[in-house]
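*Asks:* One point on numbering: in the UniProt record's numbering, the residue at position 42 of the sequence shown is 42, and numbering is uninterrupted.
Careful: at least some of the hints might be erroneous.
Restraint-style ranges between C-beta atoms, simulated for each label pair [to be verified]:
#1 19 <-> 112: 24 to 34 Å
#2 45 <-> 9: 42 to 52 Å
#3 43 <-> 102: 41 to 51 Å
#4 124 <-> 72: 42 to 52 Å
#5 49 <-> 25: 39 to 49 Å
#6 125 <-> 46: 45 to 55 Å
Derived from the structure by calculation, the hints contain no laboratory data. Quick caveat: nothing in here was measured; it's all calculated off a predicted structure. Using N, Cα and C, we set each Cβ at its ideal position, and we do this for glycine too.
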Amino acid sequence: MTDVPALPTVWRPRTTRLVAYTTAGVIVLGMIALAVVVAPQFKLFDRVLMVAFGAVVAWVLHMLARCRVGADESGLTVVNAFRTRRLEWPEVVGVSMTTGDPWPTLDLADGTSLPAMGINGAEKARAAHQLAELRALLHARGEAPDPT
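All chains, please: the whole structure from these sequences, using the hints.
*Replies:* Shown next, in the form of structure tokens:
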């Protein structure tokens, strides 16, 4: 069994961040270059829109790259692409991730589930380790002690 990690801890994907930020930089620089060298019939407004489009694409990529799962003494903070949710330890019943899943799913006490995009299934060994750490924390923090 995996040792319980020290708190606070944060899990985030490396590959997703690297690809998203690199792509965002290339797109923004490409749109700026295009706006500079485009044919003269394109006016200033058209050129500004080109750069603005590149900035919007970069913002969407940033939103995907910011995904993470943070754990501290009081619970979990799940930051997905467009939503952040704070959960207390007893609210999280379990976590599941089958082979081929893009990210794990947190099973919540209210019967719903929440994707945890901060652990990326594409990073197989790293994702397995992060998932094991999260399960160990859930076992240590989330379960009520057995009455003896």
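*Asks:* Now look at each hint and say whether the structure bears it out.
*Replies:* Hint check results:
no. : hint                   : verdict
1   : 19 <-> 112: 24 to 34 Å : holds (30 Å)
2   : 45 <-> 9: 42 to 52 Å   : holds (48 Å)
3   : 43 <-> 102: 41 to 51 Å : holds (42 Å)
4   : 124 <-> 72: 42 to 52 Å : violated (27 Å)
5   : 49 <-> 25: 39 to 49 Å  : violated (20 Å)
6   : 125 <-> 46: 45 to 55 Å : holds (47 Å)
Hints 4 and 5 from the earlier list are contradicted by this structure; the remaining hints agree with it.
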